[in-house]
Amino acid sequence: MQQVAELPTLDFNSDIYKSAYSRINAIVIEGEQEAYGNYLDIAEMLPNDKEELIRLAKMEMRHKKGFQSCGKNLSVTPDMDFAVKYFSKLHGNFQKAKAEGKVVTCLLIQSLIIEAFAIAAYNIYIPVADPFARKITEGVVKDEYLHLNYGEEWLKANFKESKAELEEANRENLPIIWKMLNDVEADAKELGMPKEELIEDFMISYGEALANIGFSTREIMKMSSYGLRG
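Oh and the sequence shown: position 22 is 22 in this note's numbering, straight run, nothing missing.
These aren't lab readings, by the way, just hints derived from the structure by calculation.
Among the hints, erroneous ones may be present.
Each pair of labels, with its calculated beta carbon distance range [claimed, not checked]:
hint, residue 1, residue 2, range
1, I204, E153, 16 to 26 Å
2, N73, L40, 25 to 35 Å
3, N149, D81, 17 to 27 Å
Straight-line alpha carbon distances no greater than 16 Å define the calculated EDC-like cross-link-like pairs of lysine to aspartate or glutamate that follow [to be verified]:
hint, residue 1, residue 2
4, K65, E138
5, K89, E208
6, K102, D41
Given the structure is predicted, the values throughout are model-derived calculations rather than measurements.
Beta carbons: idealized from backbone N, C-alpha and C, even for Gly.
Please model the complete structure; the sequences and the hints are all you need to start from.
As structure tokens, then:
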């Protein structure tokens, strides 16, 4: 594995760091809140898996509380208004899919896209986090792999019937992730998280999930490229 040359030296108490942190911390708090609600919604759509999905939802709520404590530790108030707007497009698409009974689209948004996005962000953040936040985030990222795995396993078991809807949902929702990454590029950089590394880690996690479900390498390359330009 290639070694990263050198980690940036960050002043966790500087005004510029805290300003960026107020938005990034809010995003992870809101992301966990979204995930909590989404898993409860999916539990209603998949009654046979209800118990497992409620367990995953409760895990997300614990994560939210952990990230709230990270902000308090740095005396930072998270900018929740910013975070709610930040997730609004994905939130709207999930709710629309839920109203239409499209469980495959809901799983792609939550169990693949949002979880892979979270895993990428947490993996890049851990080496540059303050000691308190590092410990919290290391615990969270282990759980996120379990959540990614739930969506993968369900979609793998139902791949043939789900494939066309997955491709359509990917086409509609993946470009939103690239926009979301662009929107926080400056703040993420202040926290020592370059956009290029976030994109690379996301594409690895997302691509591996698509491969595990049953897509070919060629299909994954095509699907991963949606919205990446621009």
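Hints versus structure:
1. I204 x E153: 16 to 26 Å: At 19 Å between Cβs, range holds.
2. N73 x L40: 25 to 35 Å: Hint holds: Cβ distance 29 Å, inside 25 to 35 Å.
3. N149 x D81: 17 to 27 Å: violated (33 Å)
4. K65 x E138: holds (14 Å)
5. K89 x E208: violated (25 Å)
6. K102 x D41: Holds. K102 to D41 sits at ~12 Å (cutoff 16 Å).
Hint compliance for this structure: hints 3 and 5 are not met, and every other hint is.
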